[in-house]
Amino acid sequence: MGVQQKLIFFFFHASLVFIIFPLVGATPENHQITNNPSRTKDNSHIKMSPRLQFEITLHGFLLWASMGFLMPVGILAIRLSNKEENPRRHRIVFYVHSILQMIAVLLATVGAIMSIKNFNNLFNNSHQRLGVALYGIIWLQVLLGLFRPQRGSKRSVWFFAHWILGTAVTFLGVLNVYLGLEAYHQKTSKGIKTWNILFTVQISMVVFFYLFQEKWVYIQNQGVVLGNEMMTSICQEIGTDEKDEKVLKEVVEEVVPNEKEVVPNGDFGAQRQLKDTQRD
Numbered sequence: 001m002g003v004q005q006k007l008i009f010f011f012f013h014a015s016l017v018f019i020i021f022p023l024v025g026a027t028p029e030n031h032q033i034t035n036n037p038s039r040t041k042d043n044s045h046i047k048m049s050p051r052l053q054f055e056i057t058l059h060g061f062l063l064w065a066s067m068g069f070l071m072p073v074g075i076l077a078i079r080l081s082n083k084e085e086n087p088r089r090h091r092i093v094f095y096v097h098s099i100l101q102m103i104a105v106l107l108a109t110v111g112a113i114m115s116i117k118n119f120n121n122l123f124n125n126s127h128q129r130l131g132v133a134l135y136g137i138i139w140l141q142v143l144l145g146l147f148r149p150q151r152g153s154k155r156s157v158w159f160f161a162h163w164i165l166g167t168a169v170t171f172l173g174v175l176n177v178y179l180g181l182e183a184y185h186q187k188t189s190k191g192i193k194t195w196n197i198l199f200t201v202q203i204s205m206v207v208f209f210y211l212f213q214e215k216w217v218y219i220q221n222q223g224v225v226l227g228n229e230m231m232t233s234i235c236q237e238i239g240t241d242e243k244d245e246k247v248l249k250e251v252v253e254e255v256v257p258n259e260k261e262v263v264p265n266g267d268f269g270a271q272r273q274l275k276d277t278q279r280d
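Per full-length UniProt numbering, the very first residue in the sequence shown carries number 1; after that it's consecutive.
To be clear, the hints were calculated from the coordinates, so they are not data collected in a lab.
There could be a bad hint or two in this list.
Below are the DSSO-like pairs computed for lysine-lysine, each with C-alpha atoms no more than 30 angstroms apart in a straight line [claimed, not checked]:
(1) K83 to K215
(2) K154 to K83
(3) K117 to K190
(4) K193 to K117
(5) K187 to K117
Estimated spans, in silico, between C-beta atoms of each pair [stated by the list, open to error]:
(6) Y218 to I164: 19 to 27 angstroms
(7) L122 to N82: 39 to 47 angstroms
(8) K83 to I116: 39 to 47 angstroms
(9) L211 to R155: 21 to 29 angstroms
We put the beta carbon where it would ideally sit given N, CA and C, even for glycine.
With these hints in hand, go ahead and build the complete structure from the sequences.
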């Protein structure tokens, strides 16, 4: 709990640094390029400077890394920790989840700052509106993680709220990546079909591993049950045949040494001599 709080405080102060300095350092050139509401969607890519195109691309990459990659992987990690019985490995996977989510929040904060600083945010499309809502939900998640209660009735309410917000951020974040690609196409007139396909493949893999985690314990349990049933049926078949039973006894007597002949203290050399004597 102490380590998690330190990590959250570190990323919180780092985010404040990213929020303050870019807003102070905003240049009139960027505002001249971006804050021109008379531009239309048809000619926006013509008047757009190369620098602004780079900033839009970087903004999209940061939000993909945050919403489209790190957050879904962090969810897979926490689900893995829930099924981990070893306390040390459980703690490690939990911290991996926390670090991934905090990095995702930091990247989303940087992307939002770039949008506020450099882009023409009239909030006249779904991508911008959904982005603002997601930014608020993400930081609400950070506050929930910071004030996680001890185990008990309050912890159950906290867990439900944390799960609801995390699920909402994941689904809405993935949706906003697709909306962002469409907005990128409208601003730059560049093709996005390849990026849509790659992102769909990545999300499909995440969903596959999510469902696989759900069924892996069931598969393991089924394997144990089938193995036990097979051994039981074999033993029953051996028990019904007297000849096989005698053979089984002879094998067991050869494999399992007599208790009086066992050499103590793990003296493997003496055990080998004992076996050679038995053969003679």
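(message) Check the structure against each numbered hint from earlier and tell me which ones fail, lowest number first.
(response) none
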